[in-house]
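Chains A and B, in that order, give the protein sequences. The opening position of the first sequence corresponds to residue 1 in the working numbering, with each subsequent residue numbered one higher. The opening position of the second sequence corresponds to residue 1 in the working numbering, with each subsequent residue numbered one higher.
None of these hints come from the bench; they were simulated from the model. Heads up, a few of these hints could be off.
Listed below are the simulated DMTMM-like cross-link pairs for lysine to aspartate or glutamate, each with C-alpha atoms no more than 25 angstroms apart in a straight line [what the hints assert, rightly or not]:
1. B:57 x B:118
2. B:51 x A:76
3. B:80 x A:63
4. B:124 x A:44
5. A:3 x B:44
6. A:353 x B:101
7. B:80 x A:118
8. B:51 x A:61
9. A:403 x B:44
10. B:142 x A:369
11. B:445 x A:161
12. A:233 x A:262
13. B:393 x B:426
14. A:142 x B:390
15. B:403 x A:118
16. A:453 x A:166
Protein chains: 2
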Amino acid sequence: MSKVQPALLRGFDQEYLPQEQLQFNRLVEIIRRNFELFGFVPIETPAAERKEVLTSKGGVEKEIYALTRLAADDDEASIKGALHFDLTVPLARYVAMRERELPFPFRRYQIQKVWRGETPQARKGRFREFYQCDIDIINRDKLSYLAEAEIPSVIHSVFREMGVGEFRIRINNRKVLKGVLQGFNVSDDNSAVVLRSLDKIEREKSSVVLEDLSRAGMSDAQASRLFSFMSTKRDTNETLGALSELASQNEMCKTGTAELRELVAAVRKFGVPESAFCIDLAVVRGLDYYTGTIYETTLNSYPELGSICSGGRYDDLASYFTDTKLPGVGISIGLTRLFSKLREVGLLHAVEKTPTEALVVTMDHRYLDWYLDIARLLREAGVNTEVYLESAKLRNQLAYADKKGFRLALIAGQSEVERNVVQIKDLSAQTASEFPLAEVVSAVKSALEDSIKREAADGIGP
Amino acid sequence: MSKVQPALLRGFDQEYLPQEQLQFNRLVEIIRRNFELFGFVPIETPAAERKEVLTSKGGVEKEIYALTRLAADDDEASIKGALHFDLTVPLARYVAMRERELPFPFRRYQIQKVWRGETPQARKGRFREFYQCDIDIINRDKLSYLAEAEIPSVIHSVFREMGVGEFRIRINNRKVLKGVLQGFNVSDDNSAVVLRSLDKIEREKSSVVLEDLSRAGMSDAQASRLFSFMSTKRDTNETLGALSELASQNEMCKTGTAELRELVAAVRKFGVPESAFCIDLAVVRGLDYYTGTIYETTLNSYPELGSICSGGRYDDLASYFTDTKLPGVGISIGLTRLFSKLREVGLLHAVEKTPTEALVVTMDHRYLDWYLDIARLLREAGVNTEVYLESAKLRNQLAYADKKGFRLALIAGQSEVERNVVQIKDLSAQTASEFPLAEVVSAVKSALEDSIKREAADGIGP
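Chain A extracted, bound-state conformation:
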């Protein structure tokens, strides 16, 4: 029979081996647990929405995948449906649909795949199918700046537990940005281009940014003064000081700076350590959507990964669907991208990947009942336990245990069964001891603890 080539679609190709999938799932669990710890509740929206819902905001059509039945009469989904490209538009539709049933402020989290018809670039961690992990706080009519101040404490809690090393939450304010541009006499027409140039400060050489600025109509002197103001390294209080000087010149900068100062004070109250956040005037984000505070997050040792968690404050979530004004603040972790980057730089070693803790080797199928009893006892004690069910030599069963990554093998042949003992073998330390059947659960538990501790000490585990 001629075979079909088993292959993946380009950009739909972030598929992992089971041990990597376990690590991915553990990151999801960390994110979920921390979101819930702060009172965010889960929602999940369908992968496909009505096209008019997805395109309500405009400008995204070319990235959207629509659905078409392959070989049949068209159904509704086939005529009207398309895959969501983010979780914000579905959230807006969700809140507009269920406004009366939801408690406000509505704090939701959402962890789902999204699909975008972009050009995949594995090097940049850009794929056509990827996970987003979002939180948003939405209220009716008005939203306290305290919601904006809480967001960095959630980000901090997530990434601290993830163990990805030192990171910094970079905070800026769209009004400050607008005010700074006014202060440097950048016209409104040019401000979009100038912001895009400034967005490159972290990644590009100064000459590239300066050339960009002059192409945006700024004189060399003007460009160089703006560049210097924006790229100077200052601590949080110094930045607020520099902004205050500039703020005396225009109202927008004054408002923005006051907001930023208030926000920073509150972020401190929320317990985010000074080392984990800063004001970064070069943080720009999307041009239309955000109206106040904006965030990016970078790993101190890997700035080249770019932002691993971004978002900001917006004035109205669902204006395309409802007249109710819904101001909000939210962030998104692009988990597929983050995972691919953490793997690339070797930061995943800290994420536990043991699938199953104990393998009960079956030396002699006459004793199957005995093996199954041990497995049952261990599972009742919460130990993930597999019984090797095929007939195979001990050597082959241990090779299987190695390949799958078990911590322990439980071995008993005729001599052990007759004496009612079992051998517990630590597969990485290559040590083994015998225990009476009555002690097997506690012995396995303590052997697992030893194995985890040793791995941590060896630097190859959590």
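Keeping the supplied structure of chain A fixed, place chain B upon it in accordance with the hints.
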């Protein structure tokens, strides 16, 4: 501005409020934990695969949704991609692609959405987008019958923890079915139609099934004998006895009965209680795919829900992709359907749905630091805690807590803060007590325990 109607696509409409979503997620967690407890490891495959992969087996084209970019040059995914309609074809492709990297026997679980262009019928729990939760055990060349015997113990473990009441795993064997039909002189040409009729025994009146059988070319006497043989209620040993009598007449029935007898003995060894499984000759399943043991699972009090977990043994998983012979056994839980049915019959009350355990009410924003400190202490102790960040009257904050479903509210105004105490209010019992700040964590923990216990006693909780 004219508004877009916020609405869902038909069949892509199983979207829940947060408290229901929490219950759904808890079922997913129970399924995942039990799968891992038995040594199954996770994989996740892309939502979209190459069309030729999905259609390799044939006969499914009209249910498949292909992708098309909405307004742009076609990309590869747009030309060649379509959404998977089950998790078995992607598993076959996955194993064929990664054969050398995987440990065999390969025990994988997979919990993902699938999409099918069927006519949605909410009454039957049939949707176009739904979750499947699959496990399979796959080996190279041969697979022990013990793998088939282990499957019911996993099903038992999952549904016991789910708390959905008594259930029964119905086991049959395709060879037995074939043998029985031969024993009743049903020709091979008619066997597919006859099996489809027999499949209705549980759901339809006897007259409907008998009429079906006569349409399939059986004489009234023949049909009535077959119907009586298949529909007689017997316990497991009686069924094996009845089959043995029939088995003397033909080889196929003999082989199948021997397999079934061996399997049943092993299922008992795996610790599945007699009350939780049975042989059911009317279990038929898909006609082509399964070659040996087949399973269905029904709730004793709700047989009308049909099977909530089904599967079976197959001879070769990935023959369309590789020459390696990969026999396997697997089952699938249609979770979206199960969830909609459990909700319908009121069986979800047993599933915990508290999103966030404690709300720190903010009576007076001068004491924000104080409130935030309490929240931090509680979160460090693992208690999901939210601080109410907007300015609102106590009454409104408590109304919010009720609507969201918090168990506890922590209340402190000037008098409490000055005395360094906090009031802990149980929101369902409507009782409140004051505790010194130093005892707040332990007091909250014990108040949470009380709240859970009381709910259980009232029969409105776990």
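Verification of the supplied hints:
Proximity of residue 57 (chain B) to residue 118 (chain B) is assessed by CA-CA distance (about 18 angstroms); at most 25 angstroms being required, the pair is judged to hold. Straight-line distance between C-alpha atoms of residue 51 (chain B) and residue 76 (chain A) comes to about 21 angstroms, which keeps the hinted pair within the 25 angstroms bound. Restraint check for residue 80 (chain B) and residue 63 (chain A): satisfied, since their Cα atoms lie roughly 16 angstroms apart, inside the 25 angstroms limit. With a CA separation close to 22 angstroms, the supplied pair residue 124 (chain B) and residue 44 (chain A) stays within the 25 angstroms bound.
Between the alpha carbons of residue 3 (chain A) and residue 44 (chain B) the distance comes to roughly 23 angstroms, so the proposed pair stays at or under 25 angstroms and holds. Note on residue 353 (chain A) and residue 101 (chain B): the hinted pairing holds, with a Cα-Cα distance of about 16 angstroms set against a maximum of 25 angstroms. Taking the CA atoms of residue 80 (chain B) and residue 118 (chain A), the gap is near 16 angstroms; set against the 25 angstroms cutoff, the hint holds. In summary, the hint linking residue 51 (chain B) to residue 61 (chain A) is supported, as the alpha carbons are separated by about 23 angstroms, within the 25 angstroms threshold.
For the hint pairing residue 403 (chain A) with residue 44 (chain B), the CA-to-CA distance comes to about 20 angstroms; that is within 25 angstroms, so the pair holds. Between residue 142 (chain B) and residue 369 (chain A) the alpha-carbon distance is near 22 angstroms, which keeps this suggested pair within the 25 angstroms criterion. Of the pairs offered as hints, the one joining residue 445 (chain B) and residue 161 (chain A) holds, with about 23 angstroms between alpha carbons and a cut-off of 25 angstroms not exceeded. With a CA separation close to 21 angstroms, the supplied pair residue 233 (chain A) and residue 262 (chain A) stays within the 25 angstroms bound.
For a cut-off of 25 angstroms, the pair hint linking residue 393 (chain B) to residue 426 (chain B) stands: about 19 angstroms separates their Cα positions. The hinted pair formed by residue 142 (chain A) and residue 390 (chain B) meets the criterion: a straight-line CA distance of about 9 angstroms does not exceed 25 angstroms. Proposed proximity of residue 403 (chain B) and residue 118 (chain A) is contradicted: the alpha carbons are some 41 angstroms apart, above 25 angstroms. Of the pairs offered as hints, the one joining residue 453 (chain A) and residue 166 (chain A) holds, with about 23 angstroms between alpha carbons and a cut-off of 25 angstroms not exceeded.
Checked against the numbered hints above, the structure violates only hint 15.
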